[in-house]
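Q: If you read the protein sequences in the order shown, they are chains A and B. The first sequence: position 209 = 209 (our numbering), numbered continuously. In our numbering, each residue carries its 1-based index in the second sequence increased by 1000.
Simulated from the structure, these hints should not be mistaken for lab results. Just so we're clear, the structure is a prediction, and the values are computed from it rather than from any experiment. By construction, the Cβ of each residue, glycine as well, lies at the ideal position given by its N, Cα and C atoms. Just to be clear, a hint being listed does not mean it is correct.
Far from chain A by the CB rule (all over 10 Å, computed), these chain B residues [claimed, not checked]:
1) Lys1043
2) Ala1047
3) Asn1067
4) Lys1084
5) Thr1114
6) Gly1126
7) Gly1159
Example chain B residues on the side facing chain A (calculated, C-beta under 8 Å, incomplete) [as the list claims (entries may be wrong)]:
8) Ser1030
9) Ser1042
10) Ala1106
11) Ser1127
With a straight-line cut-off of 30 Å between C-alpha atoms, the simulated DSBU-like cross-links for lysine-lysine are [what the hints assert, rightly or not]:
12) B:Lys1084 - A:Lys7
13) B:Lys1050 - B:Lys1084
14) B:Lys1050 - A:Lys23
15) B:Lys1090 - A:Lys23
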Amino acid sequence: MSKSIFKIVDELPTGGLTVMALKSLDFVIPGQWTNPVGFENTIKLVTGESDEALIQQIGDRAVHLYNDKTQGYQRAMWLYETVDSASSALGAAALAGKIGQDVSFLGFLSNLTPKPEKSQSIDLCIKLVVELVAFCQINGIPGDSIGDFVASLGDYSGESLMRMAALVCFDGLIPLGPDFALKGLNTLKGMNPSDLGGNPVFKSVSELIPGGNDGGKLNFITQSFESTTGWMNNFVSSHGLTPENVVNNLASFVEISKDKLEYLGAFLDVSTNYYYHTGAQTLARRLTERAFAEI
Amino acid sequence: MNTHRWRRAIAPLLLILFVIIGGCAANQPSRFDQAQQESTGSKATPAVAKDATQGASFNKFFPQPGNGFTRVYTQEKKGFAEAKLNKGDKTVALLSINDTSSNPEAAAKFKQSTKKISGYPTVNQGSTATALLVADRYQVKVQSKDTSFTETDRETWLGKFNLSGLSQVK
């Protein structure tokens, strides 16, 4: 049985690598993300209500909604969780036998290999598509409506905006440089369906990606990514983002070595789960909004 | 020797004890445990009724914004539709319509109502929400999301929904 939504949100940490890495991005979107954790706390924050009986009603309704599988919320949570753990899997073998040892960046170095650019590009693109599909599951727009998703990006705020900022910075700029959007798109256009079918991150979430077979799914992923490159490039230019300023800010929150940057992408993949963390927060917010509206 | 055997038995017993205690600590009771049980057991009823009206059907009954306001649809699920009401960059209210056939207790609260908007029973909820019920089934709610959006504003915007149109929905 899947974990209850209140347990998921109650167990979100207030510290640790994921939280510190996300806090380092506050310079990009100041004050947008306050790391809301705890189910009751989220209800109070989202609704502005404090009456205990009302909080109980809202929470109960949110729990019921989450547990109704026809409503798609568990699918969204599964997507956020699975894409994070799949892209970390690369490092799992590197960590074997290292239990109890140094989990700092330098401790990882001897066991990580820099991820090939093609692999990083695919990760970036799959994560973007997961965001689109999860968005549609949560908000109810049909799961292949790329246009609706792209239109809504302009309205993103809070933990959803932080997730996209982290995607651009940690999965785009740092491993792939300023041309990450073009690299991602070129990788997709140069792939054939069997290349995609063999990719472990794709395989982990493919059942929920629209398109029928791998060829159809590759088309869908390519279209989705291409439709979002405008937003991503605009996000980078309007916030003056460069790999250097992202890394500099990260270094003031997380101990990293700036002269081993080719490992940084892999390190962030292995040791953070920002999609799961902010995804759970987005889901809790939307559930709370709906629950309060419906009671 | 008996003592020796007891000592050998203690370590695994202690281990089992710690696992149990650790398990208990991890499973702290929650005020939402009952809701969790009710909604996941074999007899659980779905949160959304099978024949609840699709959220897409509700969109056309939302108020037209105008006067410096914009309306952004945000959720459209079975039995539920929601939109943000923005003034400039700020979200000042949330507007929603839901089909209470999924959760009849939501309709029951209107039996005590002493207020009406456009002839429909109306209640306040908490300190930020006002709602009315159309055709004993569809709840229309406005939640304030900014202190500038008062109870009077909520009542005004409730009246701007196409309530008579909504009352015709089957």
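Q: Would you mind marking each hint as holding or not holding in the structure?
A: We went through each hint and held it up to the structure:
At roughly 13 Å, the least C-beta separation between B:Lys1043 and chain A is larger than 10 Å, which holds for a residue marked as non-interface. A Cβ of chain A approaches the Cβ of B:Ala1047 within 10 Å, the least distance being about 4 Å, so the stated non-interface status is violated. With a least beta-carbon separation of about 20 Å from chain A, B:Asn1067 lies farther than 10 Å from that chain, consistent with its non-interface assignment. Not every beta carbon of chain A lies more than 10 Å from that of B:Lys1084, the smallest distance being close to 8 Å; the non-interface claim is violated.
For B:Thr1114, the condition that its CB be more than 10 Å from all CB atoms of chain A holds, with the nearest at approximately 20 Å. A beta-carbon of chain A comes within 10 Å of the beta-carbon of B:Gly1126; the shortest separation is about 4 Å. With 10 Å as the threshold on Cβ separation, the claim that B:Gly1159 sits away from chain A holds: the shortest Cβ distance comes to roughly 18 Å. With its C-beta approaching chain A no nearer than about 6 Å, B:Ser1030 sits inside the 8 Å limit, and its interface hint holds.
A hinted interface residue such as B:Ser1042 counts as satisfied when its beta carbon comes closer than 8 Å to some beta carbon of chain A; here the least separation is about 12 Å, so the hint is violated. For B:Ala1106, the suggested interface contact is upheld, since its CB lies about 5 Å from the closest CB of chain A, less than 8 Å. The restraint placing B:Ser1127 at the interface with chain A holds, with a minimum CB-CB distance near 7 Å, inside the 8 Å limit. Between B:Lys1084 and A:Lys7 the CA atoms are separated by roughly 28 Å; this keeps the pair inside 30 Å, and the hint holds.
In summary, the hint linking B:Lys1050 to B:Lys1084 is supported, as the alpha carbons are separated by about 27 Å, within the 30 Å threshold. A distance of roughly 43 Å separates the Cα atoms of B:Lys1050 and A:Lys23; the hinted pair therefore is violated under the 30 Å criterion. With a C-alpha separation of about 24 Å, the suggested pair B:Lys1090 and A:Lys23 falls inside the 30 Å cut-off, and the hint holds.
Violation of the numbered hints given earlier is confined to hints 2, 4, 6, 9 and 14; the remaining hints are satisfied by the structure.
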